[in-house]
Amino acid sequence: MINNSYDVIIIGGGVVGCATARELTKYDLKIALLEKSTDICAGQSKANTAIIHGGYDAKPGTKKAYYNVLGNKMFGKVCEELDVPHEWNGSLVVSFESDQDDKIFELYQRGQKNGVPNLGIIKHDEIMRREPNINPEARLALDVQNGGICCPYELTIAYAENAAKNGADFFRSSQVTSIRRENEAWIVETPSQIFSCKAVVNCAGMYSDEIHNMVSKDKLSIQPRRGEYYLIDKKYASAFHSAIFQVPGKMGKGILIARTVDGTTLVGPTAEDIQDKTDTRTTAEGLSKALAGAKITWPSLPTRAFITTFSGLRSHCDRDDFVIGKVSDAPLFFDAAGVESPGLTSSPAIGFELAEMVAQALNSGKNDKFDPIRKGIPKFRELSNETRAKLIADNSDFAKVVCRCETVTEAEIREAIRRPVGAVTVDGIKIRTRAGMGRCQAGFCTPRVLEILSEELNIPLEMVRKFGGDSKYVYGKIFEASEASHD
Amino acid sequence: MTNIDILIIGGGPAGLAAAVGAYEAGARDILILEREEALGGILKQCIHNGFGLHTFKEELTGPEYAQRYIDKVLSYEIPYQLNSMVLDISADKVVTCVSHENGVQQFKAGAIILCMGCRERPRGALGIPGERCAGIFTAGTAQKLVNLEGYMPGKKVVILGSGDIGLIMARRMTFVGAEVLCCVELMPYSSGLKRNIVQCLDDYNIPLYLSHTVVDISGKERVTGVTIAEVDSSLKPVPGTEQYFECDTLLLSVGLLPENELSEMAGVSLSPNTSGAVVDESLQTSVPGIFAAGNVLHVHDLVDFVSQEAELAGKNAALYVSSSEHTGNEPGFRQVVMGNGVNAIVPQKISATPSQDVRMMFRPRAVYKKAQIVASIGDTVLYTKKAKILAPGEMVNFTLSKVSLSSADVNEPLNVMIKEAA
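Each protein sequence line maps, in turn, to chains A and B.
For the first sequence, the working numbering assigns the number 1 to the initial residue and increments by one for each residue that follows.
For the second sequence, the working numbering assigns the number 488 to the initial residue and increments by one for each residue that follows.
None of these hints come from the bench; they were simulated from the model.
Treat the hints with care, as some may be off.
[Stated by the list, open to error] From the derived model, a few chain B residues whose C-beta atoms are all more than 10 Å from chain A:
(1) Ser562
(2) Tyr638
(3) Gly754
(4) Asp844
(5) Lys856
(6) Glu899
[As the list claims (entries may be wrong)] Computed list of lysine-lysine pairs in DSBU-like fashion (alpha-carbon distance at most 35 Å, straight line):
(7) A:Lys235 with B:Lys875
(8) B:Lys906 with A:Lys477
(9) A:Lys198 with A:Lys379
(10) A:Lys123 with A:Lys277
Even for Gly, the Cβ is constructed at its ideal location relative to N, Cα and C.
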């Protein structure tokens with residue numbers, strides 16, 4: 001057992017946990033982040049709609065409304081500092097039936113109350129002019145000019161890399177099994193280590209209720225809500241300019257069509273309350289619902305262009321709002337619990353305010369050495385031939401294209417592993433470089449990616465995993481493997 | 488920027504034969520760009536035999552078949568460049584490539600032959616529901632892991648789709664000690680060759696479930712099982728027919744897709760029917776001087792036909808660069824119309840007066856017994872042949888004489904159809 005003493009321990013390596021870690025490194029504090037999965041960005045943060053929400057949707061006066069609007073304002077600067085792809089392409093919330101029109105006006109009013117800037121309402125002709133592929137039944141649309149899109153995994157990874165650069169320690173495969181108060185300190189245990197710290201920040205997403213309930217009598221409950229998605233080939237990147245929402249319902253914002261910063265188009269999500277917090281399966285019913293819903297917005301949706309399906313879980317809290325701040329019956333214990341959509345948009349604001357609260361409570365000064373800048377891994381696919389040639393001159397691995405569909409080079413993959421909080425799995429490579437995210441869905445690049453991971457991590461190829469646990473690709477060498485199985 | 492008469496994109500079976508065809512037609516300034524570290528393409532991993540029966544009248548393995556063409560390329564001293572990935576082709580035939588040895592390169596080509604092959608349709612394209620665990624491979628990826636890397640991708644295997652690679656992998660996985668539980672096919676017939684069903688499934692008592700599909704994949708981390716169900720005539724799963732197979736691996740052999748991303752960059756028109764370029768009988772695409780052959784044009788069953796097609800493309804590319812003027816499509820083209828039962832026909836258009844006999848290739852839409860293939864222009868039948876059985880898994884090909892084609896009015900389309908038995 002190792003003894004690790006910190007000022008602050010953050011539990012959870014999703015976008016909120018990593019944002020909070022980065023914000024805390026602006027203070028003179030010793031920080032650790034504990035993540036239960038093999039890699040950070042393993043839950044909601046990697047499977048969502050990748051939207052920078054305007055802030056018109058949440059009920060006025062809620063934390064969701066407050067952090068959404070504030071997070072939206074902070075988003076651009078954070079993305080600039082951290083070199084995260086994003087685009088302010090706006091959102092439209094569209095009514096397709098006359099009885100939905102009132103809802104558009106209602107959302108407009110709500111947005112005004114929430115302080116969303118530059119909201120407007122546009123009519124059929126203007127909708128059709130801007131989005132020629134939309135269902136011509138479109139009647140009215142809330143014009144959300146401060147809506148945008150971003151890369152949610154790169155944001156999460158970028159926060160983590162920048163936090164690590166500024167001194168935060170990251171412990172992955174470190175599920176918190178107990179938290180107790182001892183001699184004015186928190187003792188946080190994982191299966192392999194014991195940590196002590198002054199303050200704890202709970203950013204455990206889907207499990208933020210369990211972490212909260214370890215220390216507080218005021219119990220929380222998180223309901224996993226699953227959303228299923230289709231992903232459309234980047235060939236259709238120009239089908240829609242803005243993210244197109246339908247009129248929201250009780251369970252969420254409805255089925256939307258949203259281009260990603262990488263040119264693919266997301267279609268979804270459904271919203272289904274489930275029991276198991278790890279159940280990220282896709283279902284025939286869910287996928288057909290997503291498709292039927294999407295066709296309302298996009299009648300000529302090209303079903304032949306689907307490249308994959310996936311599902312994401314949202315952590316819906318029984319308080320029906322984010323739970324942010326001090327826990328009343330646990331000293332120096334802070335929650336960012338029940339953060340579901342618009343959690344990605346809110347993350348800069350939640351991280352900023354939580355760090356401020358913690359620093360005040362610990363009476364901490366500023367970290368003078370804090371460097372806000374993080375540069376992303378060069379994206380070979382987006383560079384000019386001149387820049388490509390320069391990179392290759394310095395590192396010939398840039399001339400080795402491993403992922404054909406997304407033009408990802410061996411240099412990018414190796415760097416993704418070598419960076420602080422680097423990739424340790426195939427999915428880790430995927431979210432850091434896009435290798436395997438294209439139209440062949442890793443058919444061609446998998447064998448080479450396995451080899452590179454095996455080399456860089458110095459582990460046998462049969463130990464290379466897709467994510468955690470037993471998610472291995474191969475059972476050793478042929479014949480050796482089958483003989484072993486008959487022992 | 489380097490000028491090249493004929494640039495061939497891809498050094499697999501199509502690219503090699505295209506180079507040979509071009510050389511034998513007199514071209515000398517040829518370059519093959521291959522993205523992998525060796526010539527041969529997908530044949531490198533096809534270590535089973537059965538290749539070359541048509542071309543060489545003997546049974547070769549994939550690497551042996553490829554070597555025959557590699558030897559020719561070497562004896563003709565046709566230049567090739569390995570580890571070279573083409574990033575872009577423009578409509579004026581400027582090709583940008585990145586290679587391990589030479590970095591970023593640009594070529595200005597007189598003619599280009601597209602020979603990029605195809606890729607496998609992944610799980611996501613079908614929307615197969617279930618968990619998102621490890622242990623799901625396309626059959627070709629598993630084939631590469633086993634045959635080229637020597638790794639065992641699974642021990643207890645279910646195969647979805649009865650395409651040829653899936654069938655071959657059923658046998659291959661059995662050979663290396665895995666247990667192959669079954670092969671599951673959505674359609675009421677296999678999309679693979681009959682001989683592969685017999686030699687890869689029947690000989691090893693591997694059951695083939697026709698009109699079945701995978702309705703669920705279980706396993707949080709690695710696959711732990713697969714649920715299959717029967718499908719009705721509209722291909723929807725029938726509730727109550729589910730069967731669960733405990734396994735650690737699901738292999739997918741659910742279709743091949745021509746890789747035409749580069750073709751599209753060059754502005755080449757694609758056929759929604761083949762997912763390959765629209766070509767005339769010389770295999771020239773809609774962009775003058777750009778030709779296409781092999782699986783990038785349409786997915787073949789037999790490599791012998793890939794080679795034949797690519798040699799023709801090579802020859803025509805050589806003619807294209809040697810003729811001094813290209814006035815485009817001035818004589819006009821006869822359209823080819825797919826009639827009853829005909830799918831994915833190539834070529835899609837034929838010159839008014841073709842300079843050579845024209846080979847037509849298509850896939851039957853379904854299984855037809857005691858049927859007749861008929862090609863006609865107006866009331867004139869150019870070709871007819873009776874067939875005991877026609878199936879989507881076996882491509883049909885036949886040749887039309889240039890004389891009969893040239894004598895008919897070019898504005899009259901060529902109709903190709905399958906006449907079903909009454």
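For a quick check of understanding: which of the numbered hints are violated here, in increasing order? 2, 7, 8, 9, 10
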